[in-house]
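Could you build the full structure based on these sequences and the hints that come with them?
So the chains spell out like this:
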Amino acid sequence: MSFIPGQPVTAVVQRIEIQKLRDGDNLILGFSIGGGIDQDASQNPFSEDKSDKGIYVTRVSKGGPAEVAGLRIGDKIMQVNGWDMTMVTHDQARKRLTKKKEDVVRLLITRKSLEEVVRQSMMQH
Amino acid sequence: MATAFPSPPSLCVSLSCSERSSRDRHKSHSRDSSSRSDKNVTISATSAQPQQPDQGSAPTDAQDDNWGETTTAVTGTSDHSLSQEDLAGFGKETEGPVEKLNCIRFLPLALTLLLGLLVLVTPLSFLVLPQVLWPERLQACGTACEGLFLSLAFKLLILLLAGWALFVRPMRASLPRIAVFRALLGLLTLLLLLSYWLFFGVRILDSQEENYQGIVQFAVSLVDALLFIHYLAVVLLEIRHLQPCFSLCVVRSTDGETHHYNLGQLSIQRAALVILEHYYKDFSVHNPALLTAAKSRAAKHLAGLKVYNVDGAGSDAATAQSRAKIAAAARQRDTSHNELYYEEAEHDRRVRKRKARLVVAVEEAFTHVRRLQEEEKKKPPGDEMDPREAAQAIFPSMARALQKYLRTTRQQHCHSMDSIQAHLAFCITNNMTPKAFLESYLMAGPTLQYGRECWQTRQWTLVSEASVTSPLHHGSEFQLKSSDFSLVVTSKAIPHLKLSEEYVHPKSHKFVLQLQSETSV
Chain A
1 MSFIPGQPVT
11 AVVQRIEIQK
21 LRDGDNLILG
31 FSIGGGIDQD
41 ASQNPFSEDK
51 SDKGIYVTRV
61 SKGGPAEVAG
71 LRIGDKIMQV
81 NGWDMTMVTH
91 DQARKRLTKK
101 KEDVVRLLIT
111 RKSLEEVVRQ
121 SMMQH
Chain B
1 MATAFPSPPS
11 LCVSLSCSER
21 SSRDRHKSHS
31 RDSSSRSDKN
41 VTISATSAQP
51 QQPDQGSAPT
61 DAQDDNWGET
71 TTAVTGTSDH
81 SLSQEDLAGF
91 GKETEGPVEK
101 LNCIRFLPLA
111 LTLLLGLLVL
121 VTPLSFLVLP
131 QVLWPERLQA
141 CGTACEGLFL
151 SLAFKLLILL
161 LAGWALFVRP
171 MRASLPRIAV
181 FRALLGLLTL
191 LLLLSYWLFF
201 GVRILDSQEE
211 NYQGIVQFAV
221 SLVDALLFIH
231 YLAVVLLEIR
241 HLQPCFSLCV
251 VRSTDGETHH
261 YNLGQLSIQR
271 AALVILEHYY
281 KDFSVHNPAL
291 LTAAKSRAAK
301 HLAGLKVYNV
311 DGAGSDAATA
321 QSRAKIAAAA
331 RQRDTSHNEL
341 YYEEAEHDRR
351 VRKRKARLVV
361 AVEEAFTHVR
371 RLQEEEKKKP
381 PGDEMDPREA
391 AQAIFPSMAR
401 ALQKYLRTTR
411 QQHCHSMDSI
421 QAHLAFCITN
431 NMTPKAFLES
441 YLMAGPTLQY
451 GRECWQTRQW
461 TLVSEASVTS
471 PLHHGSEFQL
481 KSSDFSLVVT
491 SKAIPHLKLS
501 EEYVHPKSHK
511 FVLQLQSETS
521 V
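As they're listed, the protein sequences go chains A and B.
Going by UniProt numbering, the first residue of the first sequence is number 1, and it counts up by one from there.
Going by UniProt numbering, the first residue of the second sequence is number 1, and it counts up by one from there.
Simulated from the structure, these hints should not be mistaken for laboratory data.
Just so you know, not all the hints are guaranteed correct.
[Unchecked claim] A few chain A residues that don't get close to chain B, going by computed Cβ distances all over 10 Å: (1) Ala-11; (2) Gly-24; (3) Ala-69.
[Claimed, not checked] Here are the simulated SDA-like pairs of lysine to any residue, each with C-alpha atoms no more than 20 Å apart in a straight line: (4) Lys-95/A <-> Thr-519/B; (5) Lys-510/B <-> Lys-95/A; (6) Lys-300/B <-> His-286/B; (7) Lys-99/A <-> Lys-300/B; (8) Lys-62/A <-> Thr-519/B; (9) Lys-155/B <-> Leu-184/B; (10) Lys-99/A <-> Thr-519/B.
[Claimed, not checked] Here are a few chain B residues that sit away from chain A, every Cβ distance over 10 Å (derived from the structure): (11) Leu-111; (12) Leu-127; (13) Leu-133; (14) Leu-160; (15) Tyr-212; (16) Glu-375; (17) Asp-383; (18) Ser-482; (19) Leu-515; (20) Val-521.
Just so you know, these numbers come straight off a predicted model, no measurement behind them.
Where is the CB? At the ideal position from N, CA and C, for every residue including glycine.
In structure tokens form, the structure reads like this:
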């Protein structure tokens, strides 16, 4: 999942649709994010390449909408509702996920195991 | 140990001569403290007794009556042998050293004044003699001469003041050899004056020169040259040794107290002088009573052993005996460290207890004394006292506790009752707290702090392998021997320091934050 600046990024992604849960006045998704271009990427426990400044899922609350939708800890979020998440600051990522007017967020996430699955299925052929 | 050390006031008094002596231009070879490079090793008659000459009265062995029986002198190689006058003076030193010393002390000052007088008289005589000897033939000179007269007068005044400032000063010490720079400068001045007199005699007196302005210019040039010699004197004597080049490490031989000093380029005798001046203010006072414990321990080791030679007399009996003694003593040493430990612990406990009692007694005594306020002075006097009487009034309440404390820490000979009362009066006058009063008794201060008789009349011997007028260099060592201890001095050169520069632009200080935040959405 590392990138070369100037070259397009290719990754195997999974589409996940999360329905926001209404909790009083807030809409919660049920997971936590970490990372961003203004953060220290070397402390990211989930990334393979320690210079990867993308947004990662650091915690998924049990039984929440994210877990129900299939989000797992350690996933890297590539897009949210069409907005790119690979080159955003931490605060911008938070804002794009918590828009009050949206009830549903559609994420494109990638994880290591996806690539392996694809490779295995290609090898079988 | 049966032998007890006498109290140091007798140590101080028995030293014969004072250290205060003249600074010099022409120094005569002083007989009192010569810089012989031999080492004197004193071996007492029985090994069990501590060395007697430590308490001895004088640095030179001639003044101790028993030195013939108890001293074995081992002389090392020396490149300065004793001169005949030194040998002849050995036996005579006990008679009238005081008067001789006074005469010798003032000789350099007399020579300095003589040279100063000569310097003053010479230009004036250059001016006056032609007027006296052939006044009718002299050409009158007008304003140029008057200008020259004025400048001559002022330069002479400046020269005299500067000479007075530099050379006519209270004498610090008497050094063993002549001061080389001063002697050179004196010789230079004398040479200058002689050559000017020679020229004056030949060119002006003999030929009866008529050009008076030329004569006056001649005199003015002499004064100029003398001023330049004075400048040379200032640079050589005062300024050259200000830049530090050497770091000297001074260790006292009896208790190992060490201090370091930075000095410039000095001769060994001048460096010794500077070190001695620092000694009196930096080193704590030498207390021989504190050293008895170590000596008695050492004596106890060897005293209990007797060596019997069973195999018959051999030529190396002495070395075999000493080796046997050392081996036996090494085996025997197992318990003495135990004794030392418990003894020291007990001593510490006793000292702390007495100190506590002393502090309480002094604080209580100080509460009885109060400074009379201004408005109270106008009322009819009740019991007004001046500081001395106040000190005498409160002294008895703390006297016993103080006496006991001083005895426990073996300082009782350093403080007399008069000195304690004087110090108490001093503290009361200056509104000091009891703690300030006690500080000089709780800590051993520098020698300067104790009475003048303790430190003013000390004579020191400079022991050095190199000539004492040679300059200091890296690794030079010498010793300053006093009657009870010696200061061992080693010098190291201060290394050449290389300082390089790194320029930091004021705007180059930029920082980034390293955050790892986790937000739940």
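Hints, verified against the model:
A cut-off of 10 Å between C-beta atoms confirms that Ala-11/A is not in contact with chain B; the least separation is 22 Å. Gly-24/A, annotated as away from the interface, keeps every beta carbon of chain B farther than 10 Å; the closest lies near 15 Å. Every CB of chain B lies more than 10 Å from the CB of Ala-69/A, the least distance being 13 Å, so the non-interface label holds. For the hint linking Lys-95/A to Thr-519/B, the alpha-carbon distance of about 11 Å falls within 20 Å, and the restraint holds.
Restraint check for Lys-510/B and Lys-95/A: not satisfied, since their Cα atoms lie roughly 29 Å apart, outside the 20 Å limit. Only pairs whose Cα atoms come within 20 Å are accepted, and Lys-300/B paired with His-286/B is rejected, the gap being roughly 24 Å. Distance hint between Lys-99/A and Lys-300/B is unfulfilled; the C-alpha atoms sit about 94 Å from each other, more than 20 Å. Our distance criterion of 20 Å between C-alpha atoms is met by Lys-62/A and Thr-519/B, whose separation comes to about 16 Å.
Distance check on the hinted pair: Lys-155/B and Leu-184/B sit about 23 Å apart at the alpha-carbon level, beyond 20 Å; violated. With a CA separation close to 15 Å, the supplied pair Lys-99/A and Thr-519/B stays within the 20 Å bound. Distance check on Leu-111/B: its Cβ is at least 82 Å (rounded) from any Cβ of chain A, clearing the 10 Å threshold; non-interface status holds. With a least CB separation of 91 Å from chain A, Leu-127/B remains clear of the 10 Å interface cut-off, as annotated.
With a minimum CB-CB distance of about 102 Å to chain A, Leu-133/B clears the 10 Å threshold, and the non-interface call stands. At roughly 79 Å from the closest C-beta of chain A, the C-beta of Leu-160/B stays outside 10 Å, upholding its exclusion from the interface. For Tyr-212/B, the condition that its CB be more than 10 Å from all CB atoms of chain A holds, with the nearest at approximately 95 Å. Residue placement check: Glu-375/B keeps its beta carbon more than 10 Å from all beta carbons of chain A (closest about 73 Å).
For Asp-383/B, the shortest C-beta to C-beta distance to chain A comes to about 79 Å, beyond the 10 Å cut-off, and the non-interface label holds. For Ser-482/B, the non-interface assignment is confirmed: its Cβ lies about 68 Å from the closest Cβ of chain A, beyond the 10 Å cut-off. The beta carbon of Leu-515/B is not kept farther than 10 Å from every beta carbon of chain A, the shortest such distance being approximately 5 Å. For Val-521/B, the shortest C-beta to C-beta distance to chain A comes to about 4 Å, within the 10 Å cut-off, and the non-interface label is violated.
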